[in-house]
Amino acid sequence: MIIKRLLMGLLRRFAPRNDRKFPKLGVIVQTLISYKNYSTNKIDFRIHTLIKNRVKILPEDLTNKIAAGEVVDRPASIVKELVENAIDAGSDEIFILLKNGGKTLIQVVDNGTGMSREDAILAIQRHTTSKISNYDDLHNIKTLGFRGEALASIASVSRMELKTITNEKDAGSLIKIEGGTIDDVIDTGGARGTSVAVKNLFYNTPARRKFLKTDETEYRHILSFIQRFTLSCFDVSFTVYHNDQKIYDVKPADPEIRLVDVLGGRYKNNLVTVEDKGTVLQIWGFVGKQDTAKKSRGDQFLFLNGRYIVNRALNHAVISSFGTIIPRGEFPLYALFLEIDPRRIDVNVHPSKMEVKFADERLIYNLLRAAVKRALSSEQVIPSLSPQIGVTPQPISMSKEDFLAQQTAIPLYETAPRTQKFPGLDIPQPQLPEKKQAIQMPPSDEKFERANIWQINNQYILSEIKSGLIIIDQHVAHERILYEKALKDFEISNPASQQLLFPHVTELTPDEYSYLTDILPFLEKIGFVIKGFGGNTVVIEGVPSGMKISSPETILNEIIDEFKQNRSSSLDIRDNVAKSYSCKMAIKKGEPLTLEEMNNLIDQLFATQSPYFCPHGRPVIINLSIEELDKRFGRI
Amino acid sequence: MHFTVSKGVLQKGLQKVVGVIPTKTTIPILENVLLDLQGEKLKITGTDLEICISTDISVNGTLDGSCAVPARSLNEILRELPELPLDIQLEDGNKITIKTQNGLYRLGSQPKEEFPSIVLEDSEGQLDIDAGLLSRMINKTVFAVSTDELRATLMAVYFQFSAEELRCVATDGHRLVKIINYQVKSPDFHKDVIVPTKALSLILKNIETIEDPEKINVNLSIGENHIIFNMQDTLIYSKLIEGQYPKYENVIPIDNDKKLTVDKTELSAAVRRVSIFSNSFTHQIRFAVDGTKMKISSEDVEYGGEGNEVINVKYDADSLEVAYNGVYVIDLLKHIDTDEVNFLLKDSVSAAIVTPSTQKEKEDLMMLIMPIRLSED
Ligand SMILES: Nc1ncnc2c1ncn2[C@@H]1O[C@H](COP(=O)(O)OP(=O)(O)OP(=O)(O)O)[C@@H](O)[C@H]1O
Ligand SMILES: [Mg+2]
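Chains H and Z are the protein sequences, given in the same order. The numbering used here numbers the first residue of the first sequence as 53 and each following residue consecutively. The numbering used here numbers the first residue of the second sequence as 274 and each following residue consecutively.
Don't read these hints as lab results, they were simulated from the structure. Hints may contain errors.
Stated by the list, open to error - In silico contact screen, one side only, chain H against chain Z (beta carbon under 10 Å); selected entries:
(1) Tyr255
(2) Pro258
(3) Gln550
For each residue, glycine too, the CB sits at the ideal point set by N, CA and C.
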């Protein structure tokens, strides 16, 4: 019933005056019916493609306005572009074949509309697209692609085979392209759809090939892109092979089922539904309950009109709505879908198409935050919302309408287009001031107000906070910071290591040397570069970057010693290394600190997971409330 | 001790000395300046026991004598007074009075004997250098010294005097600057000394007050354990830092054959912007050079910030990606005077050599910067 209403509405919107002009109307309706819309308010924007599926060369004044820059820099971006094309073509079955992290082969096969031969030949040229045709279209983007860049860019740096069939009964085309020039065009047959195979990536640009990372790394990047598509296109099946192994096989499914399928069983029955249907902004999706929060990022997804986007402010909106129920340093899952009139956003910001500018980001921020908060509190995830934090739902939904009423009068694109063309130089214009604003905009959670801060006995830091006074032990505070950082560093592949101009040679005892061999892999993760120098002598060539280390050899000796002593206490080796390292590297008592250093220390301390205790369990902070002071002075 | 002097003259003299007075000290006498009047010359001296500055001013002396007075109080009262003649007199041996037309101020004082005196050893060599040049040599190096109290030898600039040249070197173990001037020769002696940063910044401050530093001569006299800078009416004595300066020559690479030439202003501006998004702990930024383009990027994994810019460069070697501490890069570029800057690179873990595109006459300026080893990914 609802679907039907939706269809009627859509048909009215795109109502053909003249059937000859829109011969594909049948296809549209077909496709629409085959689309199971799981969310009733989800509008499918990709209809657009189906209506005017003629590839055209964009006029130059328009290409100049498109955010230019590197479109393909690694296999993952190629996969992304090809899958976007498949989705724009209305496919509901997508196959992806990969070899060697995409370096040797990337093939994306879809069952979308396909292209006529003329269209296909044109499509691999630069600045050719069927998705926009004039300046206004650029500000009303309903498809994932719009620059007319991707196929051309990919073709120019690889050997490409494009096979496309619009109709099973007619002959399709197989086009072979090498480094951007067409080698061969032959007839072919088969089912409707398109297959693009990209082989020998960067074979003709050795310099760029060198920037590629290991197969494993490239493969991981591809996976994260594919994951995003599986999460936004619930009605599409994805089958993915890497080196002939099947890694993904997801069928069209209910969003919640798909999500658990793709991101893992931990989220089963642990999702909170978010829904807020405003007239202009619609929000729906899921956030994970607090127990499922992870210590690393990765399960945070924001989609805008079906497009995966990266946006710091909106990310903050979601994370901060959890308030303190999730400790800092842990990240809850979210997969949220925003639907907004494309005229109120600008996708043409960055060549990656993952950055978006909103007519009013602050409003979106508030709406999103309110929607997530409401969902969390109605599910009793947060016991009670303290009234002074954040936006209460009621006033917002009222002011929202007022606000939007005001806003509609102001056209979004009055200002000059932000991408300018420089002769012979296609560089995306840095958007730094705006980015910075976005960083500063969201007010941070509970911050300690540090107007006054003192160091006592070169050992304790004393600071005034709203409720009274805190006293911090500088050594254990720093220990906590370094300890958590070390544990985090163990998880990443190769951390930053400041290389030393003067390598430090130090001779160890055989005993120390043998302990060093045990803990070396961990020390390397923290940023030490230590090499054997014959016998029990080692040379330290690099140290954790951002650290003040007077004497690397002394530190090394101390860490080994500490490790040795802790060994008996049945500590896990990681924990032991992290403890030994943090204990020895932390600023000592008696070290004078500048105001800035004290402030940094406090900031970093409160960014840790458990700022109140050092790794050995000693207290880091003592709180002295005004009340306590009042009591002691006999006032109450 | 009794003399009259205009407020401005006394204040200017005191300014030159006051910088050496330690802010926190367990030896109270060091909070004083020594005033020593002989005829028409008043010598003002301050010290922190490592460094000592004294300067002479002309006064109308009526009675020779000396005493030590609290530097800060004296400085403050001078700041508050209008330009006036002052009559200053030592009374009862333990206070001085400052009289103006309608005011009288008294300050406790201490006898000269309480004030530490510096025993000068013999000088081993002398050298003249113009103040402008000296300040250039110091400015170009002092920024790269270490701030680590535990590594005294690196909290200093290494001066190497020889018959051919004067050479100044500074390093903090992550970067290094070497500047050679071939004009300044010391034919009679060859000596390498380590001069603490604090002394050098006091010298810089003094040179700044000179109008035409190129025309002013500074006499350097170097002894076994000290160095003295003597300019106009001011004398700065500093103990030398004992110890072995690192064998820096060994770490200057000779096989860096990848030459990168960049517009300095453009690079520095880009690095500044991109650095805003780097990790505030490591300040790590990346350079990815490929052909005529270089991408400068940063990423703060913990807080999610990132930035990048692409600039045009001259480069014809194999593409290379290397990371640095952005703060160091900005620092280095500040000390390049030419429009273009050269980077001589080898790989992503070895020192890069940074030089101006053309050297100043009779000068050779070279900086080294160690990369941050790149993480995979
Ligand atoms: N899988 C496909 N099925 C049908 N048509 C396709 C497919 N891939 C590409 N096309 C056609 O080729 C044109 C060019 O594709 P290309 O990816 O280069 O540009 P785009 O998608 O329009 O914009 P963008 O550069 O932003 O991706 C598209 O506009 C579309 O008409
Ligand atoms: Mg595309």
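For each hint, the structure was consulted:
1. Tyr255: Cβ of tyrosine 255 of chain H sits 16 Å from chain Z, so the hint is violated.
2. Pro258: holds, 9 Å
3. Gln550: holds, 5 Å
In this structure, only the earlier hint numbered 1 is contradicted, and the remaining ones agree with it.
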